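For the first sequence, the tail end lands on 908 under full-length UniProt numbering, and the numbers increase by one without skipping.
Do not take every clue at face value.
Listed below are the simulated BS3-like cross-link pairs for lysine-lysine, each with C-alpha atoms no more than 27 Å apart in a straight line [what the hints assert, rightly or not]:
hint	residue 1	residue 2
1	LYS859	LYS844
2	LYS859	LYS768
3	LYS761	LYS841
4	LYS107	LYS154
What follows is a set of in silico ranges between Cβ atoms, one per label pair, in the way DEER data are often shown [said to hold, decoys possible]:
hint	residue 1	residue 2	range
5	ARG394	VAL742	28 to 36 Å
6	GLU627	SER659	56 to 64 Å
7	GLY209	LYS88	53 to 61 Å
8	GLY358	LEU477	34 to 42 Å
No lab work stands behind these hints, which were simulated from the structure alone.
Bear in mind the structure is a predicted one, so any value in this text is a computation, not a measurement.
We put the CB at the ideal spot given by N, CA and C, even for glycine.
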Amino acid sequence: MSSVSKTIPISSPYHTHKTTSNYAKKSHNRFIFFKQPRRTCLLHSTVCVSPSFTNTTHSVTQNQNAKINKFCEMGDLRNAIELLTKSKSYELGLNSYCSVLQLCAEKKSLEDGKRVHSVIISNGISVDEALGAKLVFMYVNCGDLVQGRKIFDKIMNDKVFLWNLLMSEYAKIGNFRESVSLFKKMQKLGVVGNCYTFTCVLKCFAALGKVKECKRVHGYVLKLGFGSNTAVVNSLIAAYFKFGGVESAHNLFDELSEPDVVSWNSMINGCVVNGFSGNGLEIFIQMLILGVEVDLTTLVSVLVACANIGNLSLGRALHGFGVKACFSEEVVFSNTLLDMYSKCGNLNGATEVFVKMGDTTIVSWTSIIAAYVREGLYSDAIGLFDEMQSKGVRPDIYTVTSIVHACACSSSLDKGRDVHSYVIKNGMGSNLPVTNALINMYAKCGSVEEARLVFSKIPVKDIVSWNTMIGGYSQNLLPNEALELFLDMQKQFKPDDITMACVLPACAGLAALDKGREIHGHILRRGYFSDLHVACALVDMYAKCGLLVLAQLLFDMIPKKDLISWTVMIAGYGMHGFGNEAISTFNEMRIAGIEPDESSFSAILNACSHSGLLNEGWKFFNSMRNECGVEPKLEHYACVVDLLARMGNLSKAYKFIESMPIKPDTTIWGVLLSGCRIHHDVKLAEKVAEHIFELEPDNTRYYVVLANVYAEAEKWEEVKKLRKRMQKRGFKQNPGCSWIEVGGKFNIFVAGNSKHPQAKKIDVLLSKLTMQMQNEDYSSMFRYVLINEDDMEKEMIQCGHSEKSAMAFGILNLPPGRTVRVSKNRRVCGDCHEMGKFMSKTTKMEIVLRDSNRFHHFKDGLCSCRDAFIAAMAGFDESRESASSIGCFLDSKFHFCQCLPLIMRMDS
DNA sequence: GTGTTTATCC
Numbered sequence: 001m002s003s004v005s006k007t008i009p010i011s012s013p014y015h016t017h018k019t020t021s022n023y024a025k026k027s028h029n030r031f032i033f034f035k036q037p038r039r040t041c042l043l044h045s046t047v048c049v050s051p052s053f054t055n056t057t058h059s060v061t062q063n064q065n066a067k068i069n070k071f072c073e074m075g076d077l078r079n080a081i082e083l084l085t086k087s088k089s090y091e092l093g094l095n096s097y098c099s100v101l102q103l104c105a106e107k108k109s110l111e112d113g114k115r116v117h118s119v120i121i122s123n124g125i126s127v128d129e130a131l132g133a134k135l136v137f138m139y140v141n142c143g144d145l146v147q148g149r150k151i152f153d154k155i156m157n158d159k160v161f162l163w164n165l166l167m168s169e170y171a172k173i174g175n176f177r178e179s180v181s182l183f184k185k186m187q188k189l190g191v192v193g194n195c196y197t198f199t200c201v202l203k204c205f206a207a208l209g210k211v212k213e214c215k216r217v218h219g220y221v222l223k224l225g226f227g228s229n230t231a232v233v234n235s236l237i238a239a240y241f242k243f244g245g246v247e248s249a250h251n252l253f254d255e256l257s258e259p260d261v262v263s264w265n266s267m268i269n270g271c272v273v274n275g276f277s278g279n280g281l282e283i284f285i286q287m288l289i290l291g292v293e294v295d296l297t298t299l300v301s302v303l304v305a306c307a308n309i310g311n312l313s314l315g316r317a318l319h320g321f322g323v324k325a326c327f328s329e330e331v332v333f334s335n336t337l338l339d340m341y342s343k344c345g346n347l348n349g350a351t352e353v354f355v356k357m358g359d360t361t362i363v364s365w366t367s368i369i370a371a372y373v374r375e376g377l378y379s380d381a382i383g384l385f386d387e388m389q390s391k392g393v394r395p396d397i398y399t400v401t402s403i404v405h406a407c408a409c410s411s412s413l414d415k416g417r418d419v420h421s422y423v424i425k426n427g428m429g430s431n432l433p434v435t436n437a438l439i440n441m442y443a444k445c446g447s448v449e450e451a452r453l454v455f456s457k458i459p460v461k462d463i464v465s466w467n468t469m470i471g472g473y474s475q476n477l478l479p480n481e482a483l484e485l486f487l488d489m490q491k492q493f494k495p496d497d498i499t500m501a502c503v504l505p506a507c508a509g510l511a512a513l514d515k516g517r518e519i520h521g522h523i524l525r526r527g528y529f530s531d532l533h534v535a536c537a538l539v540d541m542y543a544k545c546g547l548l549v550l551a552q553l554l555f556d557m558i559p560k561k562d563l564i565s566w567t568v569m570i571a572g573y574g575m576h577g578f579g580n581e582a583i584s585t586f587n588e589m590r591i592a593g594i595e596p597d598e599s600s601f602s603a604i605l606n607a608c609s610h611s612g613l614l615n616e617g618w619k620f621f622n623s624m625r626n627e628c629g630v631e632p633k634l635e636h637y638a639c640v641v642d643l644l645a646r647m648g649n650l651s652k653a654y655k656f657i658e659s660m661p662i663k664p665d666t667t668i669w670g671v672l673l674s675g676c677r678i679h680h681d682v683k684l685a686e687k688v689a690e691h692i693f694e695l696e697p698d699n700t701r702y703y704v705v706l707a708n709v710y711a712e713a714e715k716w717e718e719v720k721k722l723r724k725r726m727q728k729r730g731f732k733q734n735p736g737c738s739w740i741e742v743g744g745k746f747n748i749f750v751a752g753n754s755k756h757p758q759a760k761k762i763d764v765l766l767s768k769l770t771m772q773m774q775n776e777d778y779s780s781m782f783r784y785v786l787i788n789e790d791d792m793e794k795e796m797i798q799c800g801h802s803e804k805s806a807m808a809f810g811i812l813n814l815p816p817g818r819t820v821r822v823s824k825n826r827r828v829c830g831d832c833h834e835m836g837k838f839m840s841k842t843t844k845m846e847i848v849l850r851d852s853n854r855f856h857h858f859k860d861g862l863c864s865c866r867d868a869f870i871a872a873m874a875g876f877d878e879s880r881e882s883a884s885s886i887g888c889f890l891d892s893k894f895h896f897c898q899c900l901p902l903i904m905r906m907d908s
């Protein structure tokens, strides 16, 4: 780096055009810049055309042949062919045909070549080795590989150069198999290869992923004495890098007596491709120190290295370097440069390069589109994509992948579908990056069915396909599907760190602690904890499975915590009711120099809600915009309304909602409605409810809340009216359900269903405990009279007390000292909440109950949710009012997945 | 020799 800036005065790359040529001359004595030499014709120098004059009339023949040769020498193909065609067969020597064919080949004129060939045929010339070779060369060089091969097979030439020609031609079109099979045939016939043969065959074996064959060729090459041939060793270096043999490649390079620019480039590129960009840069600097010539390839590789490690300053220097070396007109240079700026986070630089480009290719467009996507400017990226197409540039797989990603990130489902049909129409449907991006797009846009459809149609899936689909299920709150797919995947693939990060949220969603622990073991064995994504997902999983202490322990083990890790921990404390711990963690984060974002403010405000910390909540809310420049969203306003309403500041909460700069949704009004219920404000409740019914007339849950408000005020007429209004809408609710994992097996208790094998034992225990509770006057906690059961639909009122049964099952089946961990898909009912406390006191067992909103730790007759809230709500179960009152009223993203665990046995 | 796909939090 320093050597670059010492020798080259770096000014802005954009202002160097005028002085370019002068500067290039000046720097010539230190660095030699050159563009790649044009591929010279190999055959021109190696083919000896035997001058065989077998025909009669010496002077005429000589005359015609000499004229043709003269035309050929001057490159006048038209006249050469004209003369050839006009001449009589006996006037022409083989030499003339060869010369004309050679010129056709050089001019890449297949039409003319074919004409010469037909003249040869009609003249009845027998094609000898030399003429045959020329014909093959002409056809191959003019792009007709098939015809060339046909003639080659007829003449069976033993000249190496023809074999090399065909091999390299097949390699060029990507038919490495054919190239390799020619090599094998050649060996069978005893044709000894030369350096061109081996460079080509190494390339082919490397491309085919044949490690063993490459090593065999390596040995063969040494035996034949090509071990010090720079070109051959260069191919060996490239081959070893291809298989990750970084050390072998280095050894080969070190032993090279005369490394050329290709050797250096191979080393740099090999390092960069294998993830050692830093080493690549070091080698480049070595090159500069030694004064080795630097070419376009070198610059391109080094720019990629800069992009990989985000070294913008070196990238800029190389920009100037390249401009001075006259590479600015090279599309490849500009494309790489563009991408470097983008990957180093400098969109302006990337855009400037793009705008100033003379010629652009599909790569340029893809790079600039990817640059916008990288910056989160999705609609601009989509706009560029459309502009590109309107200019007649057809998107390829790379472009499509990038734009599908943009659709995924901006939830542009319709555009995504458009691109999908383009993919199908253009036969890109079998490209894995494309299909994987499509799966991701559908999943991110919430259309899991379409995602699954694309996934199912892939015949050979890679690990990205599996990870994407598993993650898609997790994100769409389908943890059972995610875990099921995770099991399927393991039949074919070893999960990697990304798989872990994709599947852990599913464990968290189901509170599947045993499965989570199993995955944790996997993570430890494979050393995945060092990955931040994995570590955060693990902390989150343990927090959501109720093991807050373990979550905290793991969190402390994360060496470099980022915003997400802090947010996970803050949210973890919050959902367990540790508001003060959440606050101190939040403060610690800020001291660590990490600026909070929307999500971390959600986490801390929710934590305040769960712990009823009104003043603190206000403080955080105000600091959002004022100190941190984060614009509050609906979820943040909802937390403040929750805090105000819970504390009885109902009119203040109402005014707060009215003053909101964004339109309040039903959640916000619903939170206030719940507050009205707790504080028995019928009038305000009616007013608030009308706002809700206007916004969401079909959401019956708020009718239920209002019905409870009326019932508690004994306004039975109003309850009746409301019930009629509700019946018109219809009322449906999923069953309440609780589950407990014992010995890796899920035991599910559905409300009102007593089909569990241990139902009798559970009933006996619960009856016994209920009796004890009544004796100890626990029932006095139930202050409210329930709405008359006959008045309301039965299923609406029935709680079924599934959590009670699950807790009882845990007590009966777990050894003493173990914590009973129960999860519920809805809010805990007040009755069961009291039972939980009582159980923890009489059995001396700790019970952790996760409801749809938060955790309740029952210990020694107390609950972590603090019973201040219980007094206001006791006796009301969640089936009558789902935005109930333990903890906060909120139904935000903060809530747990409300799915039931369908997989009964999780052991794989 | 340049460009593309998967993950953690609220």
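These are the hints, each one checked on the structure:
no.	hint	result
1	LYS859 / LYS844	holds, 8 Å
2	LYS859 / LYS768	holds, 20 Å
3	LYS761 / LYS841	holds, 20 Å
4	LYS107 / LYS154	holds, 25 Å
5	ARG394 / VAL742: 28 to 36 Å	violated, 59 Å
6	GLU627 / SER659: 56 to 64 Å	violated, 20 Å
7	GLY209 / LYS88: 53 to 61 Å	holds, 56 Å
8	GLY358 / LEU477: 34 to 42 Å	violated, 51 Å
In terms of the numbered hints stated before, the structure departs from hints 5, 6, 8, listed from lowest to highest.
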